[in-house]
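Novice: These protein sequences, in sequence, are chains A and B. In this text, residue positions in the first sequence follow the numbering used here: the first is 95, and each later residue adds one. In this text, residue positions in the second sequence follow the numbering used here: the first is 89, and each later residue adds one.
Each hint should be verified, as a subset may be incorrect.
Said to hold, decoys possible - Between beta-carbon pairs, the in silico distance windows are:
1) S118(B) x N151(A): 42 to 50 angstroms
2) G170(B) x H104(A): 43 to 51 angstroms
3) F181(B) x K134(A): 35 to 43 angstroms
4) T165(B) x F145(A): 20 to 28 angstroms
5) H189(A) x A156(B): 35 to 43 angstroms
6) E93(B) x Q176(A): 37 to 45 angstroms
7) F145(A) x G170(B): 22 to 30 angstroms
8) E126(B) x V106(A): 19 to 27 angstroms
9) N112(B) x A133(A): 35 to 43 angstroms
10) P177(A) x P127(B): 19 to 27 angstroms
11) L210(A) x H163(B): 38 to 46 angstroms
12) R206(A) x K144(B): 31 to 39 angstroms
Don't read these hints as lab results, they were simulated from the structure. Just so it is clear, CB atoms sit at the ideal spot from N, CA and C, and this is done for glycine as well.
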Amino acid sequence: ETGVTQTPRHLVMGMTNKKSLKCEQHLGHNAMYWYKQSAKKPLELMFVYNFKEQTENNSVPSRFSPECPNSSHLFLHLHTLQPEDSALYLCASSHSQGARENQPQHFGDGTRLSIL
Amino acid sequence: TQLLEQSPQFLSIQEGENLTVYCNSSSVFSSLQWYRQEPGEGPVLLVTVVTGGEVKKLKRLTFQFGDARKDSSLHITAAQTGDTGLYLCAGAFCFAARQLTFGSGTQLTVLP
């Protein structure tokens with residue numbers, strides 16, 4: 095139990111479907127992150143939210159749309175995805191960064207997404 | 089592009105053996121973290137190193153941060169089957185940065 099819960103754990107969808115991934119953290123953190131993990135590639139940071147405000151968007155295609163209604167919840171809305179979007183999508187949370195430290199990130203177990 | 093290179097990419101050893109995995113960059117890190125990821129789970133933080141030359145020990149795991157803060161190593165003594173997993177290093181290139189750059193990982197398999 096990491097304190098970060100992701101649902102669903104597995105998702106299979108067609109290229110024309112619309113679905114959403116959900117992340118919830120119970121750690122009192124105020125920064126949340128979406129990562130994409132593909133086979134044999136480094137984790138790719140997609141979005142960062144700090145105190146519910148999006149602070150990073152690493153050139154992610156618009157078919158991925160994040161939403162952060164509060165500091166404990168983060169969504170990733172998916173629409174018209176491509177086969178190359180099949181991957182493990184990981185959510186993480188942390189305390190907002192301090193002046194001299196990089197706060198550790200606590201990860202959920204991910205959603206395994208397969209695009210048909 | 090700021091890259092973190094991890095080596096080896098794959099490592100398979102017998103239980104009881106020692107091993108070292110490496111994380112290297114041409115850039116200086118403000119800090120570096122090591123994570124372990126097991127199948128079907130997200131990465132779990134093992135350690136954070138901040139000071140050049142720093143050595144941290146976590147039971148049989150020894151983490152070292154290079155003097156120039158460009159590289160790091162993880163040494164495991166007397167590996168156990170429970171050490172099997174994907175070991176990821178992640179660096180931050182400035183203090184207070186929220187963005188971590190991850191290496192592609194070392195997949196370690198410890199055989200009984």
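Novice: For which of the previously enumerated hints does the structure constitute a violation, in increasing order of number?
Specialist: 1, 2, 3, 4, 5, 6, 7, 9
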